[in-house]
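Please take these sequences and the hints and turn them into a complete structure.
Quick mapping for you: the protein sequence lines, in order, are chains F, W and H. Here the working numbering is used: position 55 in the first sequence is 636, and no number is missing along the way. Here the working numbering is used: position 347 in the second sequence is 350, and no number is missing along the way. Here the working numbering is used: position 228 in the third sequence is 282, and no number is missing along the way.
Since the hints were derived computationally from the structure, they do not count as laboratory data. Since we're looking at a predicted model, the values are computed, not measured. Mixed in with the good hints there might be a few duds.
[Claimed, not checked] Here are a few chain W residues that sit away from chain F, every Cβ distance over 10 Å (derived from the structure): (1) Ile35; (2) Leu129; (3) Ala216; (4) Ser220; (5) Ala224; (6) Leu296; (7) Gly335.
[To be verified] Cut-off 27 Å, straight-line C-alpha distance, at most; resulting in silico cross-link-like pairs (DSSO-like, lysine-lysine): (8) H:Lys480 / W:Lys183; (9) H:Lys224 / H:Lys475; (10) H:Lys480 / W:Lys121; (11) H:Lys147 / H:Lys211; (12) H:Lys441 / H:Lys250; (13) W:Lys121 / H:Lys475; (14) H:Lys475 / F:Lys673; (15) W:Lys121 / H:Lys361; (16) H:Lys302 / W:Lys183; (17) H:Lys352 / H:Lys451; (18) W:Lys95 / W:Lys232; (19) H:Lys302 / H:Lys257; (20) W:Lys360 / F:Lys709; (21) H:Lys211 / H:Lys451; (22) F:Lys709 / W:Lys95; (23) W:Lys232 / F:Lys808; (24) W:Lys183 / H:Lys364; (25) H:Lys366 / F:Lys673; (26) H:Lys480 / F:Lys673; (27) H:Lys124 / H:Lys364.
Idealized CB from N, CA, C, for every residue including glycine.
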Amino acid sequence: MFYREAGQFKTSYAADMAVFPLRQDRIGLAAIIAVAYAVAFTGSDFLLQAVLIPFLIFALAAIGLNLLTGYAGLLSLGTGAFMGVGAYACYKLTTAFPGVNFVVWVLVSGLFSAGIGVFFGLPSLRIKGFYLAVATLAAQFFLQWCFNRVPWLYNYNVSGAIDAPLRTLFGVPIVGPTATSQTRYLVVLTLVILLTWVASNLVHGRIGRMWMAIRDMDIAAELMGIKLLQSKLLAFAVSSYYCGVAGAMMVFFWYGGAEYNVFDINQSFIVLFMIIIGGLGSLIGSFFGAALIFMLPIALGIILPAILDPFGLSIGSDTIEHLRFIILGALIIFFLIVEPHGLARLWQIGKQKLRVWPFPY
Amino acid sequence: MASEAAVRRPGIEPRMVAWLFAALGVAALVVILAIAARTGAIGRGNLVYDVVVDPFVLMAQAPDLLVQTLWEGLVSGVLYALIALGFVLIFKASGVFNFAQGIMVVFAALTLVGLHEKGVPALVALVLAVGVMLVLAIAVERVVLRPLVNQPDIILFMATFGLTYFLIGLGELIFGGNPKQMIARQLYLPQGATDAAIFGGRVRFQHIDIAAAAIASLMIATLAVFFSKTRIGRALRAVADSHKAALSVGISLNQIWVIVWFTAGIVALVTGIMWGARSDVSFALQIIALKALPVLILGGFTSIPGAIVGGLIIGVGEKIGEFYWGPLLGGGIESWLAYMIALLFLLYRPQGLFGEKIIERV
Amino acid sequence: MSFMKLKLGAAAAVLIGASVLPAAAQDSIYVPLLTYRTGPFAGSGIPIADGMHDYLRMLNERDGGIGGVKIAIEECETGYDTKKGVECYESIKGKNPAVVNPYSTGITLQLIPKAAVDKIPMLSMAYGLSPSADGNIFPWIFNPPVTYWDGASVFIKHAAEKEGGLDKLKGKKIGLIHLDAPYGKEPIPLLEALAKDLGFELKLYPVTAQDMQNQGSLWLSIRRDRPDWLYLQGWGAMNPTAVKEAVKAGFPMNKMVGVWWAGGDDDARGGGAEAKGYKSLDFHAVGADFGVIKDIQKHVVDKGLSKFPKEKLGENLYNRGVYNSMLIAEAVRTAQQITGKKAVNGEDVRKGLEALNITEARLKELGMEGFAAPVKVSCEDHNGHHKVFVAEWDGTKWQKASDWIEPLKDKVRPLIEAGAKDYAEKNTGWPKRSESCAKQS
Numbered sequence: 582m583f584y585r586e587a588g589q590f591k592t593s594y595a596a597d598m599a600v601f602p603l604r605q606d607r608i609g610l611a612a613i614i615a616v617a618y619a620v621a622f623t624g625s626d627f628l629l630q631a632v633l634i635p636f637l638i639f640a641l642a643a644i645g646l647n648l649l650t651g652y653a654g655l656l657s658l659g660t661g662a663f664m665g666v667g668a669y670a671c672y673k674l675t676t677a678f679p680g681v682n683f684v685v686w687v688l689v690s691g692l693f694s695a696g697i698g699v700f701f702g703l704p705s706l707r708i709k710g711f712y713l714a715v716a717t718l719a720a721q722f723f724l725q726w727c728f729n730r731v732p733w734l735y736n737y738n739v740s741g742a743i744d745a746p747l748r749t750l751f752g753v754p755i756v757g758p759t760a761t762s763q764t765r766y767l768v769v770l771t772l773v774i775l776l777t778w779v780a781s782n783l784v785h786g787r788i789g790r791m792w793m794a795i796r797d798m799d800i801a802a803e804l805m806g807i808k809l810l811q812s813k814l815l816a817f818a819v820s821s822y823y824c825g826v827a828g829a830m831m832v833f834f835w836y837g838g839a840e841y842n843v844f845d846i847n848q849s850f851i852v853l854f855m856i857i858i859g860g861l862g863s864l865i866g867s868f869f870g871a872a873l874i875f876m877l878p879i880a881l882g883i884i885l886p887a888i889l890d891p892f893g894l895s896i897g898s899d900t901i902e903h904l905r906f907i908i909l910g911a912l913i914i915f916f917l918i919v920e921p922h923g924l925a926r927l928w929q930i931g932k933q934k935l936r937v938w939p940f941p942y
Numbered sequence: 004m005a006s007e008a009a010v011r012r013p014g015i016e017p018r019m020v021a022w023l024f025a026a027l028g029v030a031a032l033v034v035i036l037a038i039a040a041r042t043g044a045i046g047r048g049n050l051v052y053d054v055v056v057d058p059f060v061l062m063a064q065a066p067d068l069l070v071q072t073l074w075e076g077l078v079s080g081v082l083y084a085l086i087a088l089g090f091v092l093i094f095k096a097s098g099v100f101n102f103a104q105g106i107m108v109v110f111a112a113l114t115l116v117g118l119h120e121k122g123v124p125a126l127v128a129l130v131l132a133v134g135v136m137l138v139l140a141i142a143v144e145r146v147v148l149r150p151l152v153n154q155p156d157i158i159l160f161m162a163t164f165g166l167t168y169f170l171i172g173l174g175e176l177i178f179g180g181n182p183k184q185m186i187a188r189q190l191y192l193p194q195g196a197t198d199a200a201i202f203g204g205r206v207r208f209q210h211i212d213i214a215a216a217a218i219a220s221l222m223i224a225t226l227a228v229f230f231s232k233t234r235i236g237r238a239l240r241a242v243a244d245s246h247k248a249a250l251s252v253g254i255s256l257n258q259i260w261v262i263v264w265f266t267a268g269i270v271a272l273v274t275g276i277m278w279g280a281r282s283d284v285s286f287a288l289q290i291i292a293l294k295a296l297p298v299l300i301l302g303g304f305t306s307i308p309g310a311i312v313g314g315l316i317i318g319v320g321e322k323i324g325e326f327y328w329g330p331l332l333g334g335g336i337e338s339w340l341a342y343m344i345a346l347l348f349l350l351y352r353p354q355g356l357f358g359e360k361i362i363e364r365v
Numbered sequence: 055m056s057f058m059k060l061k062l063g064a065a066a067a068v069l070i071g072a073s074v075l076p077a078a079a080q081d082s083i084y085v086p087l088l089t090y091r092t093g094p095f096a097g098s099g100i101p102i103a104d105g106m107h108d109y110l111r112m113l114n115e116r117d118g119g120i121g122g123v124k125i126a127i128e129e130c131e132t133g134y135d136t137k138k139g140v141e142c143y144e145s146i147k148g149k150n151p152a153v154v155n156p157y158s159t160g161i162t163l164q165l166i167p168k169a170a171v172d173k174i175p176m177l178s179m180a181y182g183l184s185p186s187a188d189g190n191i192f193p194w195i196f197n198p199p200v201t202y203w204d205g206a207s208v209f210i211k212h213a214a215e216k217e218g219g220l221d222k223l224k225g226k227k228i229g230l231i232h233l234d235a236p237y238g239k240e241p242i243p244l245l246e247a248l249a250k251d252l253g254f255e256l257k258l259y260p261v262t263a264q265d266m267q268n269q270g271s272l273w274l275s276i277r278r279d280r281p282d283w284l285y286l287q288g289w290g291a292m293n294p295t296a297v298k299e300a301v302k303a304g305f306p307m308n309k310m311v312g313v314w315w316a317g318g319d320d321d322a323r324g325g326g327a328e329a330k331g332y333k334s335l336d337f338h339a340v341g342a343d344f345g346v347i348k349d350i351q352k353h354v355v356d357k358g359l360s361k362f363p364k365e366k367l368g369e370n371l372y373n374r375g376v377y378n379s380m381l382i383a384e385a386v387r388t389a390q391q392i393t394g395k396k397a398v399n400g401e402d403v404r405k406g407l408e409a410l411n412i413t414e415a416r417l418k419e420l421g422m423e424g425f426a427a428p429v430k431v432s433c434e435d436h437n438g439h440h441k442v443f444v445a446e447w448d449g450t451k452w453q454k455a456s457d458w459i460e461p462l463k464d465k466v467r468p469l470i471e472a473g474a475k476d477y478a479e480k481n482t483g484w485p486k487r488s489e490s491c492a493k494q495s
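Pasting the structure below:
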């Protein structure tokens, strides 16, 4: 009833080919963005710092991996390492040139990550599928070793850890212990919205279609005239760029510091799970997956004690930790059985049903 | 004279000539470097010397350490091969790349140790652990494999990811997270070590390592016989070739899958006992299982002898590389050396040493 | 569609719940414990967590809390992971904690800059950043009774004593097997400085967290290098594996000394009977034969309020946790004395920590006579650089094998002050100390 195209006439080709053709979609998107900015002023510190900022950062990393695995079909297990490259690059840049605006360095650090991604993506021309996953595993372990054993990367700190120095934007601190969660959230939100918009344009355009052709059957794509080398390397570059920016944001806007084992293989797995559950090949799926995988442990930590406390049963923090793993594993299997295309497909089905509501079909 | 031109004499093929030239070139290089090192033209501190000459000099200077390193590499190679064996079994029969093999190793070992802690005698605990792996195989087949029967491989691969995390959580919940000691003595596994005087130095052979190598060889031989001689083994190979054809001949896919996961479970249990006897049983073993991936790359995903050969190459290569070339790079290169070796291999021979050549059709 | 509703409803519930956190009850003192009972470090983390929890619980049960105010104990699982540690800190920050115990040097390093901003004192007992002993630069960080640099200097002193004098160390090889993490790298600056002074060669043997149980190559290198003494700065699964490998490689166990965190009972047991002679530093006694342990047994363990098995009471790491909680309780009590408030908050406990003075008589009152040495903290010296002793594993348990040894304070303190100044310079905008010096009233 509400979600219909009736009355919306397109008078130009551009309007016809828009990504969100329905006005309701555009209104909904604007509303979500408005609410997101409003939460910065109404939300509690805990909500911003521990829930929304990491959710946005992981959503960006998930978009990065989704571009590579979901759209281009190249399985990658090196996400953690690429995030690390971005973080360490940002650290070196900002400690070497502290005067330059920090946001500029965040965006530039992604380029380093893209370069490394292209280098480790070169084998993708000869190998595919699981074998490519092993190649990216080589990247993951090698880069993690570099973060630890190349002292230049962490400015020869004795502890081997990098930390976020004080940086300001228009006089307001955005990085460092004095930066409030509101300012950090606003910066992260703006960057994520911007980069999502770029990603959306990429996947709806010629490049995205090239990637999807490669994903479906790369030999046929090559026969059609798509240059495999350039497209696959571009996929690696763009994906690593997003992961690098996400990594830099993670260290500087969320944790405030990092060691080499922040970017370990588990980080790669977590982002992979996010896109599996969220939906391969879908931008909004990345957001859903990040929300579910990231907020699930927090929710469990709040809900489980809340349920059990009235009965006088106390649940140990370690049990909650174990239950997180169990529920996560079971959820993955459940989603793969019930809906292999993930939450994004459920969302699509939901929107379809909404279009014909109140009729059943 | 006309007949001469008609008959083409078998001559030296171009490829052989290329290999010959390559060998001569390497020999010449070795001679040049040896002369340079001997006369002192290049010495320690020179990059070429450090990378190409010095390690071999060190090897010659302390041959007992070389033997010890080789032995350590062989033993860890055998253990990697055991883990890879589990992968190969499942991949051969169901086409699923079972990422959960590592956690199955840990889970099996933990079950054994956990049962023993509760007071069950060791050998009974062993039988019970085998039973638990059977139950796990049946559960996995029922809950994970059957509903996903026609999905693309990547979905099944991801499902084993989910299985991994589920088993991690379940294992930690039931058995607790801290590392446990394997009940090697109660299982009549040998303890202690023998010292052998080799090349003027002392080389230590741990009895448990020798036992591990022996047991692994026995298991591989058994599996080879199982696959080629028994009815079930042939059925497994049939399923690996083509599911539809196997169904049409009357082989029950579900049964075969249970059997193959159960076999992989037993392999996992043996692996867990051997690994656990050398270093305690804990969830860190699960990450070590990732090392089996380079082994599979080298050996081929569907070949049992490939898993062994690949395991030995990776094990020895890793240890030698870490011990002699590691210090040049700052140490700790063991964490990624195996993957780099596998990566280089992939670029030249993607199907591995013994795997089936990958043919793609449009 | 109903699944969608369920998901939306759950998400809404979580968001609402997250934005309105229950505040700590006004009439209790909130003590969060950042512990780890899972993961590869759980072997070391579980006894400590239980020791800390049980002592505080005993105070609640026996005395009704501290000064009549109950202690609200909450554990947050970190898995010794820096990420999770920071997340735990963020979640407990808003609940008005009295003091934070990160129980990981890595997490401590991340939280040090936040402590001053959030006004929450940090007690990194015998771990953390060694230079944080300088109270002028780190007014909110405390690490009594001894730093890693003190410990390393005691190790050198002990090695020198066995070799026949500090001058006999010249030309010897001393190896540091350490976890490749901030914790493991802590003693390196001091050992390098002492190597330059005394003329011994320092060799570093790092072990990454993934390779903790796979130390084969490392011990091959040790065999090749043949160091005279080994100092083990390990934690978690690294310790029993190191001891086992040392036995396998035939290293003389009496020349291997572990820092106090490498002195767990399970750590030495990993080497079996041949690990006899393995030493570790310690600053409190082992065993259950103390009034405080007996009280814990009576009020907590016997009532089933503890997760720790009764037979293991008195183990080294369990007693460590008890000691830690004792410091917390005494700091809270001192804070109550200074400020006169009962339900003290972070700022008050900071004053309490700075004025901490646990005398021999007070230890006797606590039932800790012979268990620990007196602890005194001052405004400039947030550590005290107290004495430690060397314990030796006799095959079944730890025995005190030396007197209380004084660390090389004249070498350590200048380095600490230099290190603290260096830290403040590197972190631009580090606040100058503005808190007044707290004295016990």
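Here is what the structure says about each hint:
Interface exclusion of Ile35 (chain W) from chain F stands, the closest Cβ pair being 31 Å apart, more than 10 Å. Under the 10 Å C-beta cut-off, the non-interface status given to Leu129 (chain W) relative to chain F holds; the minimum distance is some 26 Å. Non-interface call for Ala216 (chain W) relative to chain F: holds, since the shortest CB-CB distance, roughly 26 Å, exceeds 10 Å. Chain F leaves Ser220 (chain W) outside its interface by the beta-carbon criterion, the shortest separation being 27 Å against a cut-off of 10 Å.
Taking the minimum C-beta to C-beta distance to chain F, about 28 Å, the non-interface status of Ala224 (chain W) holds against the 10 Å cut. The claim that Leu296 (chain W) lies off the interface is violated: its Cβ sits roughly 5 Å from the closest Cβ of chain F, which falls inside the 10 Å cut-off. Against chain F, the non-interface label of Gly335 (chain W) is violated: not every CB pair exceeds 10 Å, the least being about 6 Å. Taking the CA atoms of Lys480 (chain H) and Lys183 (chain W), the gap is near 43 Å; set against the 27 Å cutoff, the hint is violated.
Between the alpha carbons of Lys224 (chain H) and Lys475 (chain H) the distance comes to roughly 31 Å, so the proposed pair goes past 27 Å and is violated. For the hint linking Lys480 (chain H) to Lys121 (chain W), the alpha-carbon distance of about 54 Å lies beyond 27 Å, and the restraint is violated. Restraint check for Lys147 (chain H) and Lys211 (chain H): the C-alpha separation of about 41 Å exceeds 27 Å, so the hint is violated. Note on Lys441 (chain H) and Lys250 (chain H): the hinted pairing holds, with a Cα-Cα distance of about 24 Å set against a maximum of 27 Å.
Distance restraint check for Lys121 (chain W) and Lys475 (chain H): the Cα-Cα separation of roughly 55 Å exceeds the 27 Å cut-off, and the hinted pair is therefore not satisfied. This hinted pair checks out: Lys475 (chain H) and Lys673 (chain F) have alpha carbons roughly 22 Å apart, not beyond 27 Å. Between the alpha carbons of Lys121 (chain W) and Lys361 (chain H) the distance comes to roughly 17 Å, so the proposed pair stays at or under 27 Å and holds. A distance of roughly 19 Å separates the Cα atoms of Lys302 (chain H) and Lys183 (chain W); the hinted pair therefore holds under the 27 Å criterion.
Pair hint Lys352 (chain H) plus Lys451 (chain H) holds up; C-alpha atoms about 24 Å apart against a cutoff of 27 Å. At roughly 17 Å between alpha-carbon atoms, Lys95 (chain W) and Lys232 (chain W) fall within 27 Å of each other, so this suggested pair holds. About 20 Å separates the Cα atoms of Lys302 (chain H) and Lys257 (chain H), which keeps this hinted pair within 27 Å; it holds. Our distance criterion of 27 Å between C-alpha atoms is met by Lys360 (chain W) and Lys709 (chain F), whose separation comes to about 14 Å.
A distance of roughly 24 Å separates the Cα atoms of Lys211 (chain H) and Lys451 (chain H); the hinted pair therefore holds under the 27 Å criterion. Pair hint Lys709 (chain F) plus Lys95 (chain W) holds up; C-alpha atoms about 19 Å apart against a cutoff of 27 Å. The straight-line distance between the Cα atoms of Lys232 (chain W) and Lys808 (chain F) is roughly 49 Å, outside the 27 Å bound, and the hint therefore fails. Using a Cα cut-off of 27 Å, the hinted pair Lys183 (chain W) and Lys364 (chain H) holds, with the two alpha carbons roughly 19 Å apart.
This hinted pair does not check out: Lys366 (chain H) and Lys673 (chain F) have alpha carbons roughly 48 Å apart, beyond 27 Å. This hinted pair checks out: Lys480 (chain H) and Lys673 (chain F) have alpha carbons roughly 14 Å apart, not beyond 27 Å. Under the criterion of a C-alpha separation no larger than 27 Å, the hint pairing Lys124 (chain H) with Lys364 (chain H) is consistent with the structure, at around 25 Å.
In terms of the numbered hints stated before, the structure departs from hints 6, 7, 8, 9, 10, 11, 13, 23 and 25, listed from lowest to highest.
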